[in-house]
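Could you use the hints to bring the two separately framed chains together as a complex?
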Amino acid sequence: MATLDMRLACKPADYKSDVKPIWCPGCGDYHVLMSFTRAFAELGLPPEQIVVVSGIGCSSRIPAYTSCYGFHGVHGRSLALAAGLKVTRPDLTVVVASGDGDGYSIGGNHFLHACRRNIDMTYVVMDNRIYGMTKGQPSPTTESEFDTALAPGGTGLRPFHPLVVALASGANFVARCFSGEPNETASILVEAIRHPGFSFVEILSPCVTFRPDEKEWKSLVHPAPVGPTNDPAKAARRIMTDDGFNIGILYRGDRKPFQPAFGTPTADVAALEKDFEL
Amino acid sequence: MSKPDDAPKITSLADLFAVAYQIEADAVERYETLAAQMETHNNPELVAAFRDLARAEAIHRDEIRRLAGEIDVVEHARKVATWRRGESPEAIELGAAHYLMTPWHALQLALEGEKRALAFFASVVETTKDADVKKMAEEFVEEEAEHVNLVNRLLRKHPKPRDTWSDDPDPPNAQG
Numbered sequence: 001m002a003t004l005d006m007r008l009a010c011k012p013a014d015y016k017s018d019v020k021p022i023w024c025p026g027c028g029d030y031h032v033l034m035s036f037t038r039a040f041a042e043l044g045l046p047p048e049q050i051v052v053v054s055g056i057g058c059s060s061r062i063p064a065y066t067s068c069y070g071f072h073g074v075h076g077r078s079l080a081l082a083a084g085l086k087v088t089r090p091d092l093t094v095v096v097a098s099g100d101g102d103g104y105s106i107g108g109n110h111f112l113h114a115c116r117r118n119i120d121m122t123y124v125v126m127d128n129r130i131y132g133m134t135k136g137q138p139s140p141t142t143e144s145e146f147d148t149a150l151a152p153g154g155t156g157l158r159p160f161h162p163l164v165v166a167l168a169s170g171a172n173f174v175a176r177c178f179s180g181e182p183n184e185t186a187s188i189l190v191e192a193i194r195h196p197g198f199s200f201v202e203i204l205s206p207c208v209t210f211r212p213d214e215k216e217w218k219s220l221v222h223p224a225p226v227g228p229t230n231d232p233a234k235a236a237r238r239i240m241t242d243d244g245f246n247i248g249i250l251y252r253g254d255r256k257p258f259q260p261a262f263g264t265p266t267a268d269v270a271a272l273e274k275d276f277e278l
Numbered sequence: 001m002s003k004p005d006d007a008p009k010i011t012s013l014a015d016l017f018a019v020a021y022q023i024e025a026d027a028v029e030r031y032e033t034l035a036a037q038m039e040t041h042n043n044p045e046l047v048a049a050f051r052d053l054a055r056a057e058a059i060h061r062d063e064i065r066r067l068a069g070e071i072d073v074v075e076h077a078r079k080v081a082t083w084r085r086g087e088s089p090e091a092i093e094l095g096a097a098h099y100l101m102t103p104w105h106a107l108q109l110a111l112e113g114e115k116r117a118l119a120f121f122a123s124v125v126e127t128t129k130d131a132d133v134k135k136m137a138e139e140f141v142e143e144e145a146e147h148v149n150l151v152n153r154l155l156r157k158h159p160k161p162r163d164t165w166s167d168d169p170d171p172p173n174a175q176g
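Protein chains in written order, with my numbering: chain A, 1 to 278; chain B, 1 to 176.
No wet-lab data here; the hints were simulated from the structure.
Heads up, a few of these hints could be off.
Said to hold, decoys possible - Computed beta-carbon distance windows for the label pairs:
(1) Gly227/A <-> Asp163/B: 10 to 20 Å
(2) Arg162/B <-> Arg89/A: 54 to 64 Å
(3) Thr11/B <-> His222/A: 27 to 37 Å
The beta carbon of each residue, even a glycine, is placed where N, CA and C say it ideally should be.
Excised from the complex, chain B in its bound form (with noise of 0.2 Å):
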């Protein structure tokens, strides 16, 4: 996960912009790669959840695309768009992932990427000395706040699950 030392640094408005784009991107590649092992996993429901999560990261990528105009942020992204230890705040830790986990538990994740994408951009904005760059960040936060919102209220649909909602009747643990 991003780390605040080793954040990328933005000097302009084209990092800014590659580094908004790969946030994004980052974010889509994890939810397909989430819904593609819960289809392995035979999860239908979260399978649902994490493409519809792909989807709506993949209109904010081509958006922050489009927004950037003449600039190249795909190109841009791969030289300044670098996290050394951690990660983009929006790409969803892996290693959270579980074969039974619930759509709530897909929001919860959801809801950390957009809380750290939210606090990103909202350093940018106390930290920079350009403008430029200081009022599309800003954009960006509001952005950001209005995703957390909506993640909040997606969640009041999907109610926290039972404690019990790891147990397997038949667990993979065969031989434990």
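Same shape as in the complex, but just chain A (with noise of 0.2 Å):
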């Protein structure tokens, strides 16, 4: 764990690139961008340690926009990709970005195993109930009702509920925020990427542009009214009836993180082209 003097020592500009993000102004992953920064800044990690993974989507643009190692990745699959390199590189801290289309639909299946592995990683879902990069189509996360021209009346389908999936799962850390409270959001995200295991963290991040009545979500959040429990069917009961708006650290479990024994790595080349012999 990093001393106060590192924590003091790191700013949370250090971990900014040069590159200027493109959301819409009023876009809420514009705080959320800002909470990464905030808590590597008080993990008082340096950069090089961390890797920023995502896949498609608005939200998924966001490792360009850290100075941390970064891969932008297929649509869906960084979950995969970020399993991969965390069991290869245990020593690195790995932060998973996604969107609700990204995480919850194409990348739904990884997300169910992802949380069923358990591997020491963070996964961070910033929700607008939207796809906004490809303008305004219904997510799985969206309401049933939310009525547009490209679902007219709406999808009459019922809206994935995130948070239950995760922990039915085997998610071992379950938090939900809300972007417009960037310094909460950051120290959630702190406790998250300490927690062992796989951590999970839905950030409710309104879409100004495609879900404009998504601005009414800074009224409507408010803290959880009891702290996390480390039981599943209490959380989930917690998380069922709940309004959907409780920020704060929901579940909090202490399954062991799933990490796979290597062997020593081969060395010699032709020892390695031997193993690939059919």
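Structural data, given as structure tokens:
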């Protein structure tokens, strides 16, 4: 763990790249970026020890805006990439960024199994309940009655409940944040990164362009009335019965992270080739 | 935004300078972020407005650093100037930005920030038991009141736009 001196030596600005974000003005993801850099500074980790992995979508642009190592991967596959990275380089801190479309639809299957495997990494999903980058199609978390020209009268489909799915699938840490509270989000990210195993942090991040109604979230969010539990059944009951705007750490499990044991790496090319012989 | 229950506790002059410094530094950062956003979205009038506001706040920030003398406000701010849930009073809310916003909107955001800062320092004056802190906080109250007046004067040059200011003949919701 970083010492106080190390933490004081790191500034959020150290984790920002020179690339200017191209999100829409008012987008919640600006605040999420701010929370990332504040959390990294609080952790006192050098940027080269952090890897931010993402898929496709507005939120997945975030690795380019940090000075950490980054991998802007294939749509929905960020968790698969990150899992491979973490098991081979357990010394690195791996943070995965996604959105509700990339993470719950295209990458939905990876989400389930990443929770189940419980590899020590942090999965941050910026949920705006819409496909913003492709101009406003309903996503898995869009409300069934949300009416657009692309889904007249709404989809009529029950929205996906990511926190309950994460819990049921074995995530070891579950939290919900609101992008408009970047300090609170940063402190939860710090705890998520420090917690062993697979940490899932959903950040409600409004899309002001295609979901201007989400500006109201600011007045709807509130701190979770009770602290985190380590009882999945209790956490599931709380999450399933809350109003969807409870902010805070909701579950903190104690399952041992999965880390496969590897043998000594093969330095000899001939021996390596022999391994691949048919 | 700043919430009364999570504002930093000010128990010394060093704390007050550090918090005042952080308030101005956060304002500079936000205005620069907003200027960069507007540059990306080709709203040059707002780029100029936010850069001007960032420059003004940078002057205030540097003045506080000078006033603090021997106190290392940057270092001390990292220890004491933290808001857990909310943010410092002049941290402009990025969620309020819009790609078609006008200088009037920018000044409204600035005005809200200055008023929050004024209220913050006024609460320090009311609650502190330290005479030096009280005296300095009173000076900050006067200064913030002057900033409020300055923004109000600037607003006279930029009247409220018509209600149709956000109408876009070529909206981004091409598929909506």
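For each hint, the structure was consulted:
no. : hint                              : verdict
1   : Gly227/A <-> Asp163/B: 10 to 20 Å : violated (45 Å)
2   : Arg162/B <-> Arg89/A: 54 to 64 Å  : holds (56 Å)
3   : Thr11/B <-> His222/A: 27 to 37 Å  : holds (30 Å)
Consistency with the previously given hints fails for number 1 only.
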